[in-house]
Structures are given as structure tokens and as C-alpha cells.
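Go ahead and model the full structure; you've got the sequences and the hints to work with.
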Amino acid sequence: MTGVRESVAARRIVVCVGSGGVGKTTVAAAIALERAVAGARALVCTIDPARRLANALGLTSLGNVETPVPAHKFAEAGLAPRGQLFAMMLDVKRTWDDLVTRHAPDPARRERILRNRLYQQMSSALAGSQEYMAMEKLYELATDRDYDLIVLDTPPTAHALDFLDAPERILDFLGNDTARALLAPAIGAGRLGLRLAQLGGGYIAKTLGRFTGQATLADLGEFLQGFQGMYDGFKERAAAVRALLARRDVGFVLVSSPSPVSIDEALAFHERLHAESMPVAGLVVNRVTPDLWNAAGPLPTAEELDGPLAAAGVQDGRFARRLALTLAEHQALAVAERQALERLLTRVSVPRAVVPRLETDVHDLAGLASLADRL
Amino acid sequence: MIESLLGRRLVIVTGKGGVGKSTVSAALALLAARSGKRVLVCEVNAQERVAPLLGAPPSGSEIREAIPRVFTVDVTPHDAMRQYGLMVLRFKTIYDAVFENRLVRYFLRVIPGLAELVMLGKILWEAKSEERGAPRWDLVIVDAPATGHAVQLLRVPQTLLDTVPAGPLRSDATWMQELLVDPVRTALAIVTLPEEMPVNEAIELDAQVRGLLGIPRAALFVNAMPETRFTHDEEARLAALASAPQPLGPAALAGRLQAIRAEQAHRQLARIRAALDLPMAVLPLLPLAAWGPEAVERIAAAIAAAPPEAEP
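Just so you know, the protein sequences line up as chains A and B, in that order.
Under this note's numbering, the first residue of the first sequence carries the number 1404, and numbering increases by one thereafter.
Under this note's numbering, the first residue of the second sequence carries the number 26, and numbering increases by one thereafter.
Fair warning: there could be bad hints in the mix.
[What the hints assert, rightly or not] Covered by chain B, per the in silico footprint, the following chain A stretches (three or more residues, Cβ under 8 Å):
hint, stretch
1, 1419-1427
2, 1535-1547
3, 1705-1713
4, 1725-1731
It is worth saying that the hints were derived from the structure and are not from the lab.
Glycine included, each C-beta is placed from N, C-alpha and C at the ideal position.
Structure, rendered in C-alpha cells:
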């Protein structure tokens, strides 16, 4: 079976998905590095990298700017890339602002939205906002730039579905005509309550107002009003993003650890991507406890270690006992993980890589390169 | 530390995904129940873990007793909305007329933060409500979502106070915020692992809790700490022995990996100890394959054994 490395080699866009804490960012960076070394112009777009990894990639601050990884970082790692590696960190708020700026019909409208209280809450308060903007940025990078490969690291979603559904859910919120009509600041009618009463049946509108407060509805109305006319542009773009993700030169890479939570998440992602006919390019199982005992017999007792230890010049019964205990615990964990992973590996038949728990965190390009070798 | 924590009415447990928040929540509930308290553990729209950890079936959105004096519930937006709506509107017929209206359901779904508000509202209402002059629960424990989502959830009352003019939403937000920031009734506990990313996230979370949320912090749990089993000299020896044939080679390699992991964990433990001025309990890495009542017992024992004033 080919590895993940071969499977992603022909793709133009790679999206790494999985639950938090499984090493998605590191895998994304390793894939981009590998291709850059082989001669491509490759970009890795991350969400929230570990500080040392960010440093390794030459990233010092957020800001939606693609930065080339400096040559001396490659030299330090003993790598001579034939291509170029770029890295960037996604800035959610800035991406929203750019999107509004691009679609606003005139500066006055743009300012009205950017200054709206609800809009300012949106990037942090609206669930799925980060996911939506990651998709938006990916589209921009894929269409406006000339990278041979873009690798997107994705936010750790609470639910696998958020990621694919977020754009639609948010657009549904921004573009609902009925809601906009109902909440339109009452021009001429004087009060919002009146307007609601005219349009929506007074009883229901009044009760709803009791629930949220009339002023909240008015704020929301003003906010939605601001987006009027821009909605079609947004919608077209979101549809284009979805079409982009179904292309054959796109590949999703599922990243998981052996923990049950992340296995569940990877399975949910896989099912969903499959249902949407989106191409899954590979599965990376990260941080697996290596199986150290491939002999058929039982694990050694402390007494059985005494002899070989003595032969190596060590005579310490307590040391032997600690070693036997450590190996037994290690193997118990390795076996439990193998059993948990069985569920994932039998149901997801794509190119895969099982990466053992590394002795140190990956924090430089040399570490990324050796991770890439294992993919 | 444990007395101060369990003496509150509301304890919020949070941290990065996968660090053991549910296990710590279950262990705290167990300890509180053993001291005679009636405890409710709330999960927030999650795949339920607390009841199964205690050896009981999941309770769903109805409050159920998992073990004596420990009740669990999974708070979902839909049920919380219904209960909250009924509370505000008083009568079920009105609720049905209004809330079963499709257009209205749309509003409730799309107004930013409303789902979080009703879920948090339900939890905080459980924490403050009284029956016949006595608290309904001695202690409510929130097994909160992972960092980013938890901040989003816990920030909702303040966000509403910042954006919403006078009205029913605002008055609810007011009492909720008062309860959240009350150092007598409420405490927040952070759970982390002795690893780089979880420690970074715990430090950031702590800053957000202090700066953004203002919720009183009371404890830091560093979970899954490997024990120091080998000395430096032994570790050097293990490196040489790892290439020996079976059975010594694999045993030495396992020993070496354990030693490296313990050393890294201690570095991260020192980092977080220096960064956060919180009473800290270090919980052991358990060599258990399956997580259940036994793991919760052992974590509870470790929490109970943490020094009362573990200020660094």
C-alpha cells in the first residue's frame, strides 16, 4: 500500500482535519516541507501553532501574511530545498474584514458594517466563524496565488460537522430575507414593534420581544440590513469553496491519535467527507506507543532480566524490577491502543501512516523532515 | 485545596481537549458526595462521559442519579431553550404557540450566543436555585467544553451586558454574571497535561479567565504526570542497554522512553508552576487501558491527597 506521502504528492490542496491535540499542525507543516524540498512552491496555513513550531517556520505574529521560511532555517536542518516553503497564520477577524471590504458596494456601507456591535462580536462569538474564515482564506489562496501546494491546518472543531456546515449556517444567518424584512429598522413606521406587528402577527412578535428585548431585535435588524446586497456575493463564494473542495487535486488528510475521542472524531469526519464525495487522501495516526515486544512469549519478569543485566555489568535487583514493570506498563498501553485503533483502521481504507510517539516534540525543520519521512 | 474548592456552590472545570476534564469532574463529584453533599455534574452538549466514568449509563438531558448523591445531566441547546422559554413565559400553551413557530425558531437559532446563553442559564439556575429555603444542590460541577468554546460560553453574560440594552435578556445576563464572578459561590479549575501545547493553552486560558471573564480561579490540576522512576545515571545506562537482545533490549528501551517522558513532563510542570499562581494538584499517569470507576477512584485519591495549601 502506498503511503500518505505518495497519496498527497499529486494534490494541489491538502486539508488536515481531526480533533485538537493530535498533531494536525505538525503533520500539515511536514507535508508542505516535504514538497518544498522536492521543488514545489508550498504554503502551510496554520491556525494556532505551538510557539516553537511557529519559530521554526519563522512565524512571529498573526496577520494573514504569507512569509517565506528563511534559508538559514533549512541550512540549520541540513536541508537544501529545491523549491520554496511559505507559512502563515490565519487571522479570523482580518479575514472577515477583508471579505466585507471586498463585497461592500461603497465605503459608507463598509464602515457601517465594520462598526456594528454585533459584527464586532461575530468573529469570536459566532460559532463556526473560525471554520468559515479558514475556508474563505483557502479559496483566496487557491485562486489568487500561484502555489503548487497549499496545506491547510484546520481549527479544532467541537463537532466534525461544524467544519463543513459553518459557512452555510452563517450565510443562512446573514442572508435570511424574511428575517431582514421583519427586523428592518422601521422606516416611517416609527417603532420596531409596529413594524413587527404589521408583518409577522402581533402576538408572536410581542412575545418574542419579551424574550429577547425589542432593542436586541433592532440591533440585529440593523446588522442584517448592512449585509443586504452583499449576500449574493458571499453565497457565490461559499458555493465556489465547496466546489473547490470536491476537486480531484484536493485531498483531505485525517489526523488522529490513539485516544478514543480522537478516533471517534476521525471516523465522523471520514463518514461525512465520504457522504459529500470529498476526496480523502490519507490517514495519519500520530503519537502511537510503539510495540517493543514482538516475541511470541510472555513479557520478562524481573528475575529474567537479572541475568542479562549482570552480563552487561549491572547488578541491581530493584533496577531489574523497575525495568520489568516499565516494560509491562508500556506494552499494556501499546496493546490497548492497538485495539482501539483497530476500529479506525478497518473502517477507513485509505493510504495511512502510523507514527510512533516521538521522543521530543517536533520543533524544527529537521524534526518536520523526519516526520515527513514516516508519512 | 479540595475543601476550598468543594465548599463552593459552582465549580467550573475546563482545559484543552483531551486533558481529562471529565475524569477530574467525576473525581471531584465523588469526593463531594463522600463528604455528604448532593452534587449535580453538568456536561455541555457533549458526548457524555461523566456518568459512564462513574459506571452508570448516560443520563441524556434529564437529570439522573449516577451513583448515590451524584446526579448527571447533558445540557443541550434544544432542551435548555425549552426550559428557559417556559421559565420566562410561564405557560406551556404560550411556549408552544410561540416557540413551535418556525420563524421564531429560526431567530433563536441564529441570534449569536443565544444557544450558549440558555445552556449556561440552565446550569447557573440549577446552581442558585433553592427548595424550601435550602439549596437544591450543595454543589454544581460544570464539565465545561474545551478552552476556546468554554471561554465563548462563559463570556456570554458579559457580552450581553456589553451589547444588549435593558430588557429580559439583560436582567438574566445580570444575575448570571453576578454568580459567575462571586468568589464565595463560584470557582474555576483548570486541567492540563505536563506537555508543551496543553501548558501553553492553560497559561493563555488563565490569562483570559483573569482578564476577560473575571471568574475566580481556585485550582490547577496537572493530569497524567509520569513518575520519576530512573535517575540520571540509570537513564544513561538504559541508552546503552537498549540495543541488547531480548528480553533486556526492549525493557531498557521502554525504560528509556519512560525516563525521557518523565523528564519532559517535569520541565513542563516547572513551567506551569512558575506561570500560574494557583493551588496545584499533580495527578498520576495511570497505567490503565480502560477508563472507568477505577481510574476515577485513583484520581479522586490523588486529589484528596494534594496538600491543603499548595501555593508555590
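Hints versus structure:
no.: 1; hint: 1419-1427; verdict: holds (count 3)
no.: 2; hint: 1535-1547; verdict: violated (count 0)
no.: 3; hint: 1705-1713; verdict: holds (count 4)
no.: 4; hint: 1725-1731; verdict: holds (count 5)
Hint 2 alone, counting from the list given before, is not met by this structure.
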